[in-house]
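Letter by letter, the chains look like this.
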Amino acid sequence: MAKPKKKQKHQPKEKAKAPIKKKSGLPIFAKNVLILIGVLLLLNGLKTYNNGYKWVAETLVAKTPEQLEKYKNLNYDQKMEGKLGFAYKYFKFINENTPDSAIILMPPDTVIRPKGQVHYTKKGMNGYTTNPKWVSYFIYPRKLVYEDRKDQYPELYENFTHVAVMNGWGYQKLPYRVRQESSFSIMPRQMPKQKPQQQKRTNQ
Amino acid sequence: MMIFSWIIVFLCGLGLINASARDIKLLEKLGFSLPVGLGIATLLMFVFEGFGLPLNSANLLLGSLGTIALITHGIAFPYYKSAGQNFTFPYKPKDIFKLNLGWVVLMAAIAIVVKTIVTKTVFWPVFIHDSVNGYDFLARVIQAEGTFNNSIFDPNYPLYSPRTVYPPLTPLSFSISYMFGHDSAKIITAIFYVSNTLVFYSMLKRYSSHLAAALFSLLFIITPEFAAFSALSSPNPMCTFYSAMGVLSLYIWYKEDLNSYFVVGFISIMLALWTRTESLIFFAAGGLLVLTKAVQQKRFLKLAIYSISGIALFGFWQYYLSSVLMVDNPDNIIKHLYWDGEKLGRMMTKVKIVTFNMQFYGVLIYLFLATIAINIYFHIKHREGLMLLAIIFLPWLAYMFIYYQLDTPYTNDGSVWIESGYKRGLFYFFPLALFYCANNRVAYLIFNKWLKL
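Sequence order for the protein chains is A and B. The numbering of the first sequence is my numbering, which starts it at 43 and goes up by one. The numbering of the second sequence is my numbering, which starts it at 161 and goes up by one.
Isolated chain B, as found in the complex:
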């Protein structure tokens, strides 16, 4: 039953992708299917909530997802027909002798790391504070009571925390895993770890060699803090998938005008907004790409769809919090602009300590900055890669601005916003930074010329 349920979620995601974004690569389809399927499931659950239907009925959810899967695969049927007729296996048996041995080692390392982390993730139940006092608690109560607006939000005995009032994708996904019969919701984080690896490898491979794709994918998944958190039940790796892969998809669309990447990027960014509020910064980064393309092409339909959908989704959640759940987000954000140089200085000192900590992020940040320094000539002289840098640095600045707006002095008073929240939020930027490291003039010379067999 459990496997059957997950197959339906997968088929639902795959159906939507094949119906609307058929031109993305096979590996990307495999990587996107479950996260997109889960995203659709959580959106459906909110529709059920609106109609007063139970959120803990597996039959209702699987029936609805199955229907969507049938419809979308039906729409994609002509594509399957032509794809089946034109299919030729891209490799010949003798190609095995041309294999890059370095690539083989890197892929073996990726496989071992992914297998180990997935096994560990699924083995241990949810126990970290943020999930116990947030996402997973809400997920269990949704499963027990069958409604999102449940006893956690009872005004006479409120049990919600800042983590419970984040957008609902994480708790709803967790509750789906309980609905399907799992003891623990960790299967969800395992799915996202695998998806992060598959999609990132495929996106890197688009512009660089197999060797570079394997190397930078490995660097991404073995980033110590990311690897550690991927084995826990934190929503950050989930949001990393939706926001980073979403922005990268939009970047590919921006460069190549392939509509499928716009669709998959659009879906991912919307689901990122449905996962964590701070994804607004990636919605804005994606918006920059969509706006620039719209101005260049003088076609504004995609821009309108993108902006209206994103704002509507974000607005809906704010409305739902204030008017239905009737809770305030207790994140203590200062809602007006102000200037406090001393606070900024203290915050930036902490940001610097965390960002440049090699124990947390290995060589990643240094590699990224070194790559910029090596390519600076091409950036200035030929204006190469500026858009890619813009969609990394602008959200990063915006991200730090959000932390500046928090109502905390950043003295050593025990609050650990930078040491915990910011530290994990940096995961969202890693695929983008490594994508840049693999896609620049110098990397092209190294991987596509010198190291090409």
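The shape of chain A in the complex, shown without the other chains:
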């Protein structure tokens, strides 16, 4: 037989009957102000005594709006150039001057990144340019074969269609002579055919 439930030892008193307790200690407003001061001191302390938080507050949060305002009119290519420098400009140049099906012969690593050149540079060629996977991001769907790794893809090497001229390297790979050699360019393997003068004349 089920026993009747025992009365609990400490039953909660009915709320209505309980006397209203006055909160002891600081008045709410004073406590609120003290908490506010504490929070402000804490945030200031974090910023003052830790370089990481200082960077977040003074560089990331404070300077970003100003910086974005300054660059607000940049388009995608200009932003990429801003981040990757000359390398991006060069890859864009390749895209504009080669067909999607191009197979590009790249210089050896020692030419791409000559001795003494830092890996990450905006003025020269980015050190990652020695990595075909990294470069492919910018020039996809074009294919690459590197002079110092030509054995890896002999078929591509045999059939390359363009030469990536970097730091003056690459002209020797062409079967024709180039009058004005510039340090950075992209050259077709086959000598480009002269546009028929006749056509030019007819247009005039």
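Watch out, some of these pointers could steer you wrong.
Claimed, not checked - Once the Cα atoms are required to be at most 20 Å apart in a straight line, the calculated SDA-like pairs of lysine to any residue come out as:
#1 A:164 to B:284
#2 A:89 to B:269
#3 A:131 to A:115
#4 A:131 to A:182
#5 B:458 to B:448
#6 A:175 to B:316
#7 B:612 to A:215
#8 A:121 to B:287
#9 A:89 to B:272
#10 A:114 to B:350
#11 A:165 to A:226
#12 A:125 to A:96
#13 A:105 to B:269
#14 B:252 to A:70
#15 B:258 to B:370
#16 B:510 to B:557
#17 B:612 to A:77
#18 A:96 to B:519
#19 A:175 to B:290
#20 A:131 to B:343
#21 A:121 to B:338
#22 A:105 to B:272
#23 A:215 to A:151
#24 A:112 to A:127
#25 A:89 to B:527
#26 A:96 to B:268
Said to hold, decoys possible - Far from chain B by the CB rule (all over 10 Å, computed), these chain A residues:
#27 135
#28 141
#29 173
#30 185
#31 199
#32 209
#33 210
#34 217
#35 232
No lab work stands behind these hints, which were simulated from the structure alone. Nothing here was measured: the structure is a model prediction, and the numbers come from that model. Positions of the beta carbon are idealized from the N, C-alpha and C atoms, including for glycine.
Got chain A sorted already, so can you dock chain B onto it with the hints?
Just chain B, lined up with the frame of chain A:
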């Protein structure tokens, strides 16, 4: 079109949550909707891949997501009806005078930080090496060729890297952003930064005061390295969301037996496994909670669903890599157990330098360890919070074990596994560590008694 597309992804995630996990809080629903919607979209894309359908068709994807949204919102309709009838606004106008001023300042700081980082994230295109030579490259090729198994995996001219063969949520999400017309995939990282903030605040608020929730949320989002990486196109903040919020949801379910949190935790952990392989450690941490609860309740259905789904998802990706893409993961993991004390010593020296670097993580690690020290009496005497500590420390140990198994001597030979991979992987633990800091006897005394207005 772009906004319309994102609304559909959001509605799809929200529909699934309201249909299956309606009892989570409103802020959590808002925070989970887009990441869950994106997760469903990437899983759907893999189904398309299986059927030979194009992965770059916005109409196909949005049509499918829209259908899922309609079905799930239809299922949740009775809930909407009752929620609408019972709705009362929780605050009265005069409550504004009772506002905690410290909380107001902290929330303003959170709003400013989030706005700045989101603006910066969306402004600059993808340029970091790991994305260029990995996730974003794959995303762009998926968008161009309409298939996951694309020319990057051509055996005659392979362009894949270790980052390309991670589980596909990141590249597929990035490709969705291109499909919707964005110039850059950075909108995805921005979404996850906002979601991390919303959900973490709400979860903290569940057991502590508004003030504590705001303080610890701010500490999380201003962690210098995390804030810096959230503005880049790294998958780590994305994985932080799925793994940490997943484990926290499962922890709430473990404590309160609210099924909705099991569902949302389960979905998040599965999506974490769909984002990065190392999420296995959080799958195991969640598994510990599910196993313990199953033994306590002598009900094993949830445990079976959780384990089978996780193992199947992980196994599927390994199968797909080896049998369909036919690539090996070039991460150089040593697949047998071994002992090399000197290597471990060298690795731990690097781990110590990175973990305790205040420039990377601010006060976070020190605060966490100090909180443990202050509460040690309650942990030992009353066995309080041990499960929470277990789901932080066990995955952390497992995480270091993964790095120990990497085939590198950890000499100063130029390999930077700890200085890069481990450093960013620590993000996954931050919400858990800060959740612990806000949920212990001493924090309760400070925030819920002394600082309570």
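For each hint, the structure was consulted:
1. Proximity of residue 164 of chain A to residue 284 of chain B is assessed by CA-CA distance (about 16 Å); at most 20 Å being required, the pair is judged to hold.
2. A hinted pair counts as satisfied when its Cα atoms are at most 20 Å apart, and residue 89 of chain A with residue 269 of chain B qualifies at roughly 13 Å.
3. Distance check on the hinted pair: residue 131 of chain A and residue 115 of chain A sit about 18 Å apart at the alpha-carbon level, within 20 Å; holds.
4. Simply put, residue 131 of chain A and residue 182 of chain A have alpha-carbon atoms about 15 Å apart, close enough for the 20 Å limit, and the pair holds.
5. Simply put, residue 458 of chain B and residue 448 of chain B have alpha-carbon atoms about 15 Å apart, close enough for the 20 Å limit, and the pair holds.
6. For the hint pairing residue 175 of chain A with residue 316 of chain B, the CA-to-CA distance comes to about 14 Å; that is within 20 Å, so the pair holds.
7. Proposed proximity of residue 612 of chain B and residue 215 of chain A is contradicted: the alpha carbons are some 77 Å apart, above 20 Å.
8. Our distance criterion of 20 Å between C-alpha atoms is met by residue 121 of chain A and residue 287 of chain B, whose separation comes to about 10 Å.
9. Distance check on the hinted pair: residue 89 of chain A and residue 272 of chain B sit about 15 Å apart at the alpha-carbon level, within 20 Å; holds.
10. A C-alpha spacing of about 18 Å is found between residue 114 of chain A and residue 350 of chain B, which places the hinted pair at or below 20 Å, so the restraint holds.
11. For the hint linking residue 165 of chain A to residue 226 of chain A, the alpha-carbon distance of about 13 Å falls within 20 Å, and the restraint holds.
12. Between residue 125 of chain A and residue 96 of chain A, the direct Cα distance comes to roughly 24 Å. Violation of the 20 Å bound is thereby established for this hinted pair.
13. Simply put, residue 105 of chain A and residue 269 of chain B have alpha-carbon atoms about 15 Å apart, close enough for the 20 Å limit, and the pair holds.
14. At most 20 Å may separate the alpha-carbon atoms for a hinted pair to count; residue 252 of chain B and residue 70 of chain A meet this at roughly 19 Å.
15. For the suggested pair residue 258 of chain B and residue 370 of chain B, the alpha carbons sit about 12 Å apart, so the restraint of at most 20 Å is met.
16. Taken as a hint, the residue 510 of chain B and residue 557 of chain B pair is honoured in the structure, with Cα atoms around 15 Å apart against an allowance of 20 Å.
17. A C-alpha spacing of about 10 Å is found between residue 612 of chain B and residue 77 of chain A, which places the hinted pair at or below 20 Å, so the restraint holds.
18. With a C-alpha separation of about 9 Å, the suggested pair residue 96 of chain A and residue 519 of chain B falls inside the 20 Å cut-off, and the hint holds.
19. Distance restraint check for residue 175 of chain A and residue 290 of chain B: the Cα-Cα separation of roughly 11 Å lies within the 20 Å cut-off, and the hinted pair is therefore satisfied.
20. This hinted pair checks out: residue 131 of chain A and residue 343 of chain B have alpha carbons roughly 18 Å apart, not beyond 20 Å.
21. With a C-alpha separation of about 17 Å, the suggested pairing of residue 121 of chain A with residue 338 of chain B holds against the 20 Å cut-off.
22. A C-alpha spacing of about 12 Å is found between residue 105 of chain A and residue 272 of chain B, which places the hinted pair at or below 20 Å, so the restraint holds.
23. Pair hint residue 215 of chain A plus residue 151 of chain A holds up; C-alpha atoms about 16 Å apart against a cutoff of 20 Å.
24. Under the criterion of a C-alpha separation no larger than 20 Å, the hint pairing residue 112 of chain A with residue 127 of chain A is consistent with the structure, at around 18 Å.
25. Only pairs whose Cα atoms come within 20 Å are accepted, and residue 89 of chain A paired with residue 527 of chain B is accepted, the gap being roughly 16 Å.
26. At roughly 18 Å between alpha-carbon atoms, residue 96 of chain A and residue 268 of chain B fall within 20 Å of each other, so this suggested pair holds.
27. Annotated as non-interface, residue 135 of chain A keeps its C-beta farther than 10 Å from every C-beta of chain B; the closest such distance is 18 Å.
28. Non-interface status of residue 141 of chain A relative to chain B is upheld: no Cβ of that chain comes within 10 Å, the nearest being about 15 Å off.
29. Some Cβ of chain B comes within 10 Å of the Cβ of residue 173 of chain A; the nearest lies about 7 Å off, and the non-interface call is violated.
30. Residue-level check failed: residue 185 of chain A sits 6 Å from the nearest beta carbon of chain B, not beyond 10 Å.
31. Once the 10 Å rule is applied to beta carbons, residue 199 of chain A is consistent with being away from chain B; the minimum gap is 12 Å.
32. With a least beta-carbon separation of about 22 Å from chain B, residue 209 of chain A lies farther than 10 Å from that chain, consistent with its non-interface assignment.
33. Chain B leaves residue 210 of chain A outside its interface by the beta-carbon criterion, the shortest separation being 27 Å against a cut-off of 10 Å.
34. Every beta carbon of chain B lies more than 10 Å from that of residue 217 of chain A, the smallest distance being close to 25 Å; the non-interface claim holds.
35. A cut-off of 10 Å between C-beta atoms confirms that residue 232 of chain A is not in contact with chain B; the least separation is 22 Å.
Hint check: violations occur at hints 7, 12, 29 and 30; the rest are consistent with the structure.
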